[in-house]
Amino acid sequence: MNNNAHKIIFVYLVTLILTSCVRRPDMVPSYKEMHISPYGCYISIVSKPKSALNNIYTQGELIAQEQQKVYILTEKKKFRNEAQRLVVVDQKDILRYKILYAKDKRDITPFVVTPIVLTHGFFMLLTLPANIVAAVMLDASAANEFSYTEKQIKFKDLYLFARFPQGIPAGFTAENL
Amino acid sequence: MYRFNTFIQKTVIPAKAITIFFLIFISSCTVRHYGFRSPYYSENELIHKAPRDSSTFLKAHLYDGQVFIFDPQWIVDTLTHHIAGQAKIYTAGRKLKDEGYVKLKTDSVAVFESNNLLKIKNNKRIAAKAIITSADVFLGAICLSMPKACFGSCPTFYIDDDSNIMSARAEGFSNAISPKLGYADTDDLRYVSAGGDTLSLIMKNEALETHVVQGLKIMSVAKEGGEHVFQTKKGAFYAGKHVKNLQDVSSLHSDEINNLKYEDGIAYRPAADTQNLVSREEIVLDFGKTAYHRAGLVITFRQSLMTTYMLYHAIGYMGDEYSDFMAKLETSNHLKKRISDVLFEAMGGIEIHIYSDGKWQLCETLYETGPIAHNTLISLIPEQAEKIKLVMNKGLWSIDYIGLATDIREVKALESDILSVEKIESGKSELLDCWTRADDYLVSMPGDKYLVRWVIPGKTAQDNALFLEASGYYIEWMRSNWLQDKDLKQLNTLLNNPKKWLRKQTRDYKKYESQMERDFWNSRYLPPQIVENH
Chain P
1 MNNNAHKIIF VYLVTLILTS CVRRPDMVPS YKEMHISPYG CYISIVSKPK SALNNIYTQG
61 ELIAQEQQKV YILTEKKKFR NEAQRLVVVD QKDILRYKIL YAKDKRDITP FVVTPIVLTH
121 GFFMLLTLPA NIVAAVMLDA SAANEFSYTE KQIKFKDLYL FARFPQGIPA GFTAENL
Chain L
1001 MYRFNTFIQK TVIPAKAITI FFLIFISSCT VRHYGFRSPY YSENELIHKA PRDSSTFLKA
1061 HLYDGQVFIF DPQWIVDTLT HHIAGQAKIY TAGRKLKDEG YVKLKTDSVA VFESNNLLKI
1121 KNNKRIAAKA IITSADVFLG AICLSMPKAC FGSCPTFYID DDSNIMSARA EGFSNAISPK
1181 LGYADTDDLR YVSAGGDTLS LIMKNEALET HVVQGLKIMS VAKEGGEHVF QTKKGAFYAG
1241 KHVKNLQDVS SLHSDEINNL KYEDGIAYRP AADTQNLVSR EEIVLDFGKT AYHRAGLVIT
1301 FRQSLMTTYM LYHAIGYMGD EYSDFMAKLE TSNHLKKRIS DVLFEAMGGI EIHIYSDGKW
1361 QLCETLYETG PIAHNTLISL IPEQAEKIKL VMNKGLWSID YIGLATDIRE VKALESDILS
1421 VEKIESGKSE LLDCWTRADD YLVSMPGDKY LVRWVIPGKT AQDNALFLEA SGYYIEWMRS
1481 NWLQDKDLKQ LNTLLNNPKK WLRKQTRDYK KYESQMERDF WNSRYLPPQI VENH
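One line per chain: the protein sequences are P and L, in this order. When we follow the working numbering, the leftmost residue of the first sequence carries the number 1, and every step to the right adds one. When we follow the working numbering, the leftmost residue of the second sequence carries the number 1001, and every step to the right adds one.
If you're looking for bench data, these hints aren't it; they were derived computationally from the structure. If you're wondering where the values come from, they're calculated on a predicted model, not measured in any experiment. Any given hint could be a false lead.
Covered stretches of chain L, going by a simulated chain P footprint (3 or more residues, C-beta under 8 Å) [unchecked claim]:
#, segment
1, 1065-1071
2, 1086-1094
Here are the simulated SDA-like pairs of lysine to any residue, each with C-alpha atoms no more than 25 Å apart in a straight line [what the hints assert, rightly or not]:
#, chain 1, residue 1, chain 2, residue 2
3, L, Lys1088, P, Leu160
4, L, Lys1217, L, Lys1049
5, L, Lys1105, P, Ser30
6, P, Lys32, L, Lys1105
7, L, Lys1449, L, Pro1179
8, L, Lys1049, P, Leu160
9, L, Lys1241, L, Leu1414
10, L, Lys1088, P, Ser30
11, L, Lys1499, L, Ser1279
Built from N, CA and C at the ideal position, the CB exists for glycine as well.
All chains, full assembly: derive it from the sequences and hints.
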């Protein structure tokens, strides 16, 4: 095999590793506790360029979905004013979104087992990349197990994963939340 | 293109592996079903659609933002419209407010949300079951789900001093399983009382049913000494002194003939055919040399459990859509006709044929639903009759007596006014104000007992034969262990081709036929009495 092929494969694998890394925010409940969690799911939204949100990467707890809007309680550290934490995003400003409703702990088995391939000698050329790919795929798969993107859940169904599926209670503000 | 092809050819990773890899990677982009979570916007929807198993938790989101998170053992009380169970209560700000056993009014809930436990990969979907009612009442008796031999009765009536279960004098409106099918049913109480006397009857609800009694009347027929009074299926009354007993019956043994000769509670009850529940038998009656002058054939009979078996199977097949069917029945004349005809169409009545002019002719068909109380009817026999035979479904009927009344005369009945109605509970009685208006009704729940009194009209010391006319309907309760029998295809067969359905049920029915009666009587909603013989 020539060096060019090695380089291509290396780049390819690095790309995979980078693209499959998914955050597991602290606020997301374990899959074992999702069914009794009183909170909404974690949502991350990428807004359209030149939209009212000005490329704001909006993420936090999905509070409610009403008509063409979603209400997100963003993380505390981003805002000094509590009232500003509740962000309202119009559907027309959303480029894409992803919700994470539960998480599993990372399975480290592949990462423990993979070094064993170093003992494979010449065949490591085959087994090492295969192991790395498998490990990355497993972790990515696990991280994505409990998530939906805009391709998998319609905007109008986001309310199912909101803190208030019935809509924002009258008179409530971010301070109440 | 050449360099790409070279890469593919020369790389150590086979092209197939790449293809497989991409397929795995893009699989996450396909639409997935989020069936582990579902919303319900009403108590009715929750009862019908929410899965009920050990892994289904329920969240009740209130209008003010609070949420109640119930453990899987939550129940819905459809009488008081509450949901109850162990729950944690969170404020809108999601602070834990309280936890423990709670009861929550269902109309304070904006939306219910069911959640199943999530599992990692290869998880099989837990089967869903729905519940109809939270009233899993403790029976203290056996109620088998297969066969469906649970006690069902509509209201049963007893003379005050009678407490033996087998001494029920009447069972009201057995066919009226919904408001639309309500009707008035008249039963012979086989009781004589003098004018001016007070008659007391105890009305009981001995099954898992809700009875809606719209009226109770005593029809009182004055009779001369030695006369018997009978009613026809159309509600006319005839009296006669001379009633001939059977002398012989073709194809029956002497024991069986004796069972038909005397009205003693020991009935002729043939077992159903082993091959076909829809098969019929014929018995030719011999009254000796007889002139059928103003004559009527008198039969005292009730049904076996075949009808109950069929009815309860129908309810089981409806499953969690039972209430939907019952609701639809109220607005669909077609469904009403289908349901009211299906039992008769499937099994038929007791056909009375007479032989005259060299051939058999159908004279009349008697039919009365109900496996509890024997009823006596008279069927007028034309004078030209030479012989009489009965044709009926084998195994459906229990006949206690057959006789021939001659020289009968038509008589009129007087209606008696109700004197009082008392509800009897824990040894105490409470006087009720019932049926003072035409649209009044009395609702009786399982275990309820009422004492109803009438004054018998007519001349003092004049004997009167008494008949009870009961009008109303009842609602059969779904049993939770029947829900798993939901099968709309079978229901369709039962309703639209009942004979075919019965034929297919022959083996199962025969398996349990002999013990069914015993289990039936033992599953009353009261402390059971063991039936030794009847």
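Each hint tested on the structure:
no.: 1; hint: 1065-1071; verdict: holds (count 3)
no.: 2; hint: 1086-1094; verdict: holds (count 5)
no.: 3; hint: L:Lys1088 / P:Leu160; verdict: holds, 20 Å
no.: 4; hint: L:Lys1217 / L:Lys1049; verdict: violated, 43 Å
no.: 5; hint: L:Lys1105 / P:Ser30; verdict: violated, 31 Å
no.: 6; hint: P:Lys32 / L:Lys1105; verdict: violated, 29 Å
no.: 7; hint: L:Lys1449 / L:Pro1179; verdict: holds, 22 Å
no.: 8; hint: L:Lys1049 / P:Leu160; verdict: holds, 16 Å
no.: 9; hint: L:Lys1241 / L:Leu1414; verdict: holds, 21 Å
no.: 10; hint: L:Lys1088 / P:Ser30; verdict: holds, 18 Å
no.: 11; hint: L:Lys1499 / L:Ser1279; verdict: holds, 10 Å
Hints 4, 5, 6, counting from the list given before, are not met by this structure.
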